[in-house]
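Respectively, the protein sequence lines represent chains A and B. In terms of this note's numbering, the first sequence opens at residue 1 and continues consecutively. In terms of this note's numbering, the second sequence opens at residue 411 and continues consecutively.
Because the hints were derived from the structure by calculation, they are not lab data. Mixed in with the good hints, there may be bad ones.
Quick list of in silico lysine to aspartate or glutamate cross-link-like pairs, EDC-like style, CA-CA up to 20 angstroms [to be verified]:
no., chain 1, residue 1, chain 2, residue 2
1, A, Lys91, A, Glu398
2, A, Lys372, B, Asp444
3, B, Lys486, A, Glu55
4, A, Lys315, A, Glu367
5, A, Lys89, A, Glu398
6, B, Lys532, B, Asp522
7, A, Lys89, A, Glu367
8, A, Lys24, B, Glu460
9, B, Lys486, A, Glu62
10, B, Lys486, A, Glu398
11, B, Lys486, B, Glu460
12, B, Lys525, B, Glu538
13, B, Lys465, B, Asp512
14, B, Lys486, B, Asp444
15, A, Lys112, A, Glu62
16, B, Lys415, B, Asp512
17, A, Lys24, B, Asp512
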Amino acid sequence: MNLTEEERDICAGKFGSVPQRALKHQIAVGTFFGARDFVPVTQAHIMADTESLGEAGVLWLEELAAATEGQRRVRIPTITDPRGTDFAKAKFLGQTSAMLSLEQRTIDAFVKLGVVMTNTCINYQTIQAPTRNEHVAYGDTGVVIYSNSICGARSNFEGGPSALAAGLTGRTPRYGFHLPEQRRATLYVRVEYTPESLNEWGALGGTIGRIVGNYWNVPVMEGIEGTPGSDQLKHFGAAMASFGSTALFHLVGLTPEASRLADVAKPGLPTFRVSRKDVQALQDSYRSDDRVDVVVFSAPQLSLYELRALAELCKGRQFAVPLLAVTSPQVKPDADRLGYTKDIEDAGGTVLSGMCFYQSYAREIAEANGWKRLATNSAKMVNILGGYGYRPMLASMEACVDAAASGRLA
Amino acid sequence: MNKLKFIARHAMGRTVRGTALVAHDGFSARYDLDRIAGIFSRPTHKLVGESYLNKILVLDTAKGGVASAWMLHEMKSRGAVPLALVFNSVNPILVQGAALADLPMLAGFDEDITKAIPFGAKVEVNPEMGILEVIR
Numbered sequence: 001m002n003l004t005e006e007e008r009d010i011c012a013g014k015f016g017s018v019p020q021r022a023l024k025h026q027i028a029v030g031t032f033f034g035a036r037d038f039v040p041v042t043q044a045h046i047m048a049d050t051e052s053l054g055e056a057g058v059l060w061l062e063e064l065a066a067a068t069e070g071q072r073r074v075r076i077p078t079i080t081d082p083r084g085t086d087f088a089k090a091k092f093l094g095q096t097s098a099m100l101s102l103e104q105r106t107i108d109a110f111v112k113l114g115v116v117m118t119n120t121c122i123n124y125q126t127i128q129a130p131t132r133n134e135h136v137a138y139g140d141t142g143v144v145i146y147s148n149s150i151c152g153a154r155s156n157f158e159g160g161p162s163a164l165a166a167g168l169t170g171r172t173p174r175y176g177f178h179l180p181e182q183r184r185a186t187l188y189v190r191v192e193y194t195p196e197s198l199n200e201w202g203a204l205g206g207t208i209g210r211i212v213g214n215y216w217n218v219p220v221m222e223g224i225e226g227t228p229g230s231d232q233l234k235h236f237g238a239a240m241a242s243f244g245s246t247a248l249f250h251l252v253g254l255t256p257e258a259s260r261l262a263d264v265a266k267p268g269l270p271t272f273r274v275s276r277k278d279v280q281a282l283q284d285s286y287r288s289d290d291r292v293d294v295v296v297f298s299a300p301q302l303s304l305y306e307l308r309a310l311a312e313l314c315k316g317r318q319f320a321v322p323l324l325a326v327t328s329p330q331v332k333p334d335a336d337r338l339g340y341t342k343d344i345e346d347a348g349g350t351v352l353s354g355m356c357f358y359q360s361y362a363r364e365i366a367e368a369n370g371w372k373r374l375a376t377n378s379a380k381m382v383n384i385l386g387g388y389g390y391r392p393m394l395a396s397m398e399a400c401v402d403a404a405a406s407g408r409l410a
Numbered sequence: 411m412n413k414l415k416f417i418a419r420h421a422m423g424r425t426v427r428g429t430a431l432v433a434h435d436g437f438s439a440r441y442d443l444d445r446i447a448g449i450f451s452r453p454t455h456k457l458v459g460e461s462y463l464n465k466i467l468v469l470d471t472a473k474g475g476v477a478s479a480w481m482l483h484e485m486k487s488r489g490a491v492p493l494a495l496v497f498n499s500v501n502p503i504l505v506q507g508a509a510l511a512d513l514p515m516l517a518g519f520d521e522d523i524t525k526a527i528p529f530g531a532k533v534e535v536n537p538e539m540g541i542l543e544v545i546r
């Protein structure tokens, strides 16, 4: 890679061992992908749940954090994805003191590194959305696909070590979706059904993600009617990224880089059609039971509007099985202030903050609580939780709330 | 089998030799593995039940979310890790994870590498030369 004078100085250790290690890591990744140089980034977003980190990852962070003050802090605003717990609700979840200890050590290390503990995967709704052509280094696949596609920003999937490295150096290797040519469509999808509910938007995204199937493929879509909102596109993108490892899509006439099809696509792309039947088939494929042990709204964290809708559905109900609603630390105080939390919790639900269900030792909390049959309106989560021993089922928010009250999914 | 050497467009790490565990399937450290037992655990994975410890994985593509970037490092700390990773195509997450865990990796071949390498073949991964070679 071509390095600037400053980058050569970082590599030589003139700014200390922490940025030196970070840049060397980035050079290894950039060289693998043939990056010619680095591109400055303005924000970084770190995914670092402790189930993924393990003791080894936490020790690695603590070693960085032990460097001399003045040589260890991030250079740009660097924020965090959801943590692996809501400390106030850890006992309810059945998490152990060992899990919480790892969490606290991780937080302490990040704070020493200058990382801002936002603990959110909806930073584009709650912290600061990136702007068109803004180069960023984001973790969490749902954050990346939304930022690339809806905002027109430029990011690859940056796993925790690389996102932290970008925060520490203020740059990232210029490859993948930082390059204009990589952002052009590689396949065309004609969408013949415009969803209404969030679970359907997720199911549509998941269906298209299965078609895309590869990080380097970029779908361009036509046929969606009207103008979907932020929450709809949040579920659509998060599911597409989860099912397809997809980082960027274009919606002709809706997303910023695709005013016209010709802006992003050449003629003759491989063409696919997605119908209502396909979307329903994905949802039906997860209907393994009519009984549920737990209802979860998470992945992505709920916006204020989603919590408002959920609170409305919970009014006057009494739940027979646990209902968990997970949101960000930015949204939770508003939900408390506006009475949404009370409406949900008066019905027997629980509102959690700053975590994500599947990043919170999902396997262990299932065993601790006897949770196996799980209902959710998140297509992303049904895709993930099968690997954790759950039998996840996808349904509308309304049907999930009804299931929490009756223990049965209609 | 005529061809014994395969050129990779992307390469990282040191040269290693070992037994190839081959399947036309994806790879996610979070969703596909029992990382304590060291086996593929997702019921629908083509390698379910197979131990990946000290094997050279030859798979189609990287799947899943960003967790693998940390998980390879955690697996390496326990010595419960594949010897090397070989993919037809790879997303940035596994490359970032392999860089942190110091795992050799090759990706990007002219042929479907999962069809070219026999299951159980002895192979050499040579990232410096960008070559995957069947040695027996």
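Contradicted hints - numbers only: Going through the list in order, the structure violates hints 1, 4, 5, 8, 10, 12, 16 and respects the others.
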